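Heads up: the sequence shown runs through residues 3 to 94, numbered per the working numbering.
No lab work stands behind these hints, which were simulated from the structure alone. These figures come from a predicted structure and were not determined experimentally. Even glycine gets a Cβ: it sits at the ideal position worked out from N, Cα and C.
No farther apart than 25 Å at their CA atoms in a straight line, the calculated lysine to any residue pairs in the SDA-like style are these:
| no. | residue 1 | residue 2 |
| --- | --- | --- |
| 1 | Lys94 | Phe14 |
| 2 | Lys25 | Lys37 |
| 3 | Lys13 | Ala23 |
| 4 | Lys94 | Trp30 |
| 5 | Lys94 | Ala32 |
Here are the in silico distance ranges between beta carbons for each label pair:
| no. | residue 1 | residue 2 | range |
| --- | --- | --- | --- |
| 6 | Gly47 | Ala17 | 43 to 53 Å |
| 7 | Asp29 | Ala77 | 16 to 26 Å |
| 8 | Gln55 | Ala32 | 16 to 26 Å |
| 9 | Ala77 | Trp30 | 12 to 22 Å |
| 10 | Ala51 | Arg91 | 24 to 34 Å |
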Amino acid sequence: MAKPRVKVKVKFNEAALKKAATKLVDDWAAKMTRKINALSPQCTGRPVAEVEQAIARVWSREAAGQRLPESHLKAYAEQIAAGGRVVIRTKK
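Could you build the full structure based on these sequences and the hints that come with them?
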């Protein structure tokens, strides 16, 4: 005996999905900003190469093993080594 076919109609709210995804990415960027800036007390005044390694470890751990682009890594390390802070922003 054949089973009756059931039709399901799905409505997709693209705006809600985009809003949720944007919030998720923004929250992650804020978390990474905090984690990288937390390195400042121990990394201020250290050689940039050492700070790059510290930042790369944090990034890799939090970004599922993904690497931070070299230009960003160097810029963040220079800023932290100089006693500054970084802000990670997302593209809008």
